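Asks: Since the structure of chain V is already known, use the hints to place chain P on it.
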Amino acid sequence: MSPVAWLVPVAPAFFAFVALLLGRRLPGGPAVATLLGTVVTTVVAIGLLPSAMQHPARTSIHSWVYTPIGSTGGAMARRYADYAPGTGGLTLHVGTSVNGLSALLAVMVCVVSLLVQVYSIGYLHGDRRLPSYFAWVSLFTAAMLLVVLASDLFELYVGWEVMGICSYLLVGHYRESRGAGLAAIKAFLVTRLGDVAFLFGIFTLGVGAHSFAIADVTRVSGLSHGTVVAGTLLLLGGVAGKSAQFPLQTWLPDAMAGPTPVSALIHAATMVAAGVFVVARLYPDFAASPVTMTVLALAAVVTMLLSALAALVQDDLKRVLAWSTVSQLAYMTAGLAVGGYQPALFHLLNHAAFKALLFLAAGSVLHAVGTNLMSEMGGLWRRMPLTFVTFLVGALALAGVPPFSGAFSKDAILDAARSVASGSRAATGVGSWVGVIVYAAGLLTVVLTALYTTRMVARTFLGPRHDDAALDESSFAMGAPLVVLAVPAAALGVLGFHGLLPTWLPSPVPGTFGVAPAWGPLLVTLALVAVSVVAVLLVVRARPGQDPAALLATPLRGALESGLGVDTAYRRGIVLPVMALGRSMLAFDRDVVDGTVNGAGRAARWAGGVAKLSQNGNVQLYASGMLIGAVVIAIVVAVP
Amino acid sequence: MHLVYPLVVASLLFGIGVYGVLARRNLVLVLMSVELMLNAVNLNLVAFDAWWRDTALHSGQVFALFVIVIAAAELGVGLSIVLSVFRHRSTVNIDEIDQLSDRDPVTR
Chain V
213 MSPVAWLVPV APAFFAFVAL LLGRRLPGGP AVATLLGTVV TTVVAIGLLP
263 SAMQHPARTS IHSWVYTPIG STGGAMARRY ADYAPGTGGL TLHVGTSVNG
313 LSALLAVMVC VVSLLVQVYS IGYLHGDRRL PSYFAWVSLF TAAMLLVVLA
363 SDLFELYVGW EVMGICSYLL VGHYRESRGA GLAAIKAFLV TRLGDVAFLF
413 GIFTLGVGAH SFAIADVTRV SGLSHGTVVA GTLLLLGGVA GKSAQFPLQT
463 WLPDAMAGPT PVSALIHAAT MVAAGVFVVA RLYPDFAASP VTMTVLALAA
513 VVTMLLSALA ALVQDDLKRV LAWSTVSQLA YMTAGLAVGG YQPALFHLLN
563 HAAFKALLFL AAGSVLHAVG TNLMSEMGGL WRRMPLTFVT FLVGALALAG
613 VPPFSGAFSK DAILDAARSV ASGSRAATGV GSWVGVIVYA AGLLTVVLTA
663 LYTTRMVART FLGPRHDDAA LDESSFAMGA PLVVLAVPAA ALGVLGFHGL
713 LPTWLPSPVP GTFGVAPAWG PLLVTLALVA VSVVAVLLVV RARPGQDPAA
763 LLATPLRGAL ESGLGVDTAY RRGIVLPVMA LGRSMLAFDR DVVDGTVNGA
813 GRAARWAGGV AKLSQNGNVQ LYASGMLIGA VVIAIVVAVP
Chain P
124 MHLVYPLVVA SLLFGIGVYG VLARRNLVLV LMSVELMLNA VNLNLVAFDA
174 WWRDTALHSG QVFALFVIVI AAAELGVGLS IVLSVFRHRS TVNIDEIDQL
224 SDRDPVTR
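First to last, the sequence lines map onto chains V and P.
The end of the first sequence is residue 852 by the working numbering, with every number in the run present.
The end of the second sequence is residue 231 by the working numbering, with every number in the run present.
Isolated chain V (complex conformation) (with noise of 0.2 Å):
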């Protein structure tokens, strides 16, 4: 395999500070370098692939070993132990290792990042901040790729962090508002809050292998039970913050106050499937732990249900995407939760095409129109077909509607889910219920899916339009990625087909389910889509321009839009007492220490002002001084 594989998170890195520190002096501005370093990428990527998929069960590691001072391994190392003190330290691994699940998803990346980048010229036309924009894009870009490629447990976690700081970079990009300022915190808080536990995941596995190298650590004979159990339900942290699942979610939706490209690459296709890609990654660990994988299986099933109830209800188009993205993640991860290893990637690949198509063909509305707000949308379609088109073809792809893309591998998971609940042995060893509960909460949330998707569609681009302003298709900069983006969003279900999949994504686990259309299955979710598909449309048309929403009771409306309430639990539960204590020490610093320290020094001033009370300036009062001391004196030499 190739040893440039390491050009594919160098490039986009490297224009990414071009764009930074050259992009208002490039002819044609900062997008002109990070295209460049995008398109570089991808054609490595693209030529990754070819012998990536000839031998895809194979990891091709490329990469450079630190060993530092004093450790045992390396000739060098053991020259300088004899003399210098061991400081201990880590063995690291820095290069890349390709197969092929890192090679595909490498693709899915560059090509996801490059037309976001395209679009963004049109999207953010004149738009004051585009170096730093088209910047952070790429540097995530690079970071993503570089998870995507690590061969080693820090590489990986150092794409980790870097994706979540530019994920706070690019949400707060419109840093006039408030609301941007905070979200981009709160994104990053809540995933930091995971990052912790990952990180310690990583320290428990990798002393555990004795090495980070994820060869090593994937090597699960090498390793105690208990070490995997606990190091595997660590990096669940990581993983529910990275991919917004229970009870990390709550960062996702409010991320969507960030440009709306920025919401397609980061917040849709590619940074919320890494904590899915980590799980796949690692999925020897994984799989040997039941426990993980049956905590896994329940956040996954109370994700799903969740965020696909919030999503029936929200006004604002963005919002309904980004529930629906918290949604279809928990799908990929109860995928895996039950073994159906190439069921999940099948879907994380559908799922980025056409949720970032979707938000990409939102953008585009929400250009046009200005708002964010449906109940300010309406009868779009026959002002922007092309946006329209698209739209749609991304909405039957998420609920579900053969022959697009997420129906194939939605219902994979689900035929994985049953399998096990069937009685059929789960590679990852969860228990039968667990298929059970995930079979029921998927096939439930197909249906809630399906309506949302109906509802957002119907509120979007039919009904009654609310205003005759003129409004014009988007121009070309935004109108070819979307075209672009259809095709794979319709057509990736072949994959599905020919086994194609399982020779592409061998699972590293024997025993995984792998995916093969049942039709019968099939015709079961189809049948309930189409229901709740039809059943919205009546509602619509027999109230047309009404939200079909209102037909739920207010309070319920009003719970789900809120995430049933799992903000303002947070916000009682955690944050208030946080600040709580926070106030509470500021007291104690303010009063306490402060006021140790002030007293202190007013003490000694009062001392001063006490002991100078006799420096009043006559000198009389001196030379009594003095004669009293003379006396006094003489009186102890004499008496004695």
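Don't read these hints as lab results, they were simulated from the structure.
Wrong hints could be hidden among the right ones.
Cβ pair distances, simulated, as ranges [as the list claims (entries may be wrong)]:
1. V/Arg814 / P/Leu135: 49 to 57 Å
2. V/Ala799 / P/Asp225: 22 to 30 Å
3. P/Leu152 / V/Val805: 55 to 63 Å
4. V/Ala846 / P/Tyr128: 21 to 29 Å
All values derive from a computational prediction rather than experimental measurement.
Don't be surprised by glycine CBs; every beta carbon is placed ideally from N, CA and C.
Replies: Just chain P now, with coordinates in the frame of chain V:
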């Protein structure tokens, strides 16, 4: 002559001098009181010189001469300082000359 007479006179002189230094307000009078104290000491020196019959060196008388010379010099310097103070502040009241006091501006 008994030693006690000059000693009593010297003590009285010294006491008057101390009183003058500590209690008088006028700088010139304070200087004069210092002279009184010096002269009380001179009296003591001469009296003890006579009492010890120090005929070889007459060290008491020599000391007294030294003191007189130094007192003259000191008085010259002292009076010129007093004069200079009076020129600057048009007062020789020692209570008003307290520029070297160290008090907080706040507590003053």
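Asks: Would you mind marking each hint as holding or not holding in the structure?
Replies: Verification of the hints:
Restraint check, arginine 814 of chain V to leucine 135 of chain P: a C-beta distance of roughly 51 Å satisfies the suggested window 49 to 57 Å. At roughly 38 Å, the beta carbons of alanine 799 of chain V and aspartate 225 of chain P sit outside the given window of 22 to 30 Å. Distance hint check for leucine 152 of chain P and valine 805 of chain V: the Cβ-Cβ separation is about 58 Å, which falls inside the suggested range of 55 to 63 Å. The given range of 21 to 29 Å is respected by alanine 846 of chain V and tyrosine 128 of chain P, whose C-beta atoms sit roughly 23 Å from each other.
In summary, the one numbered hint that this structure violates is 2.
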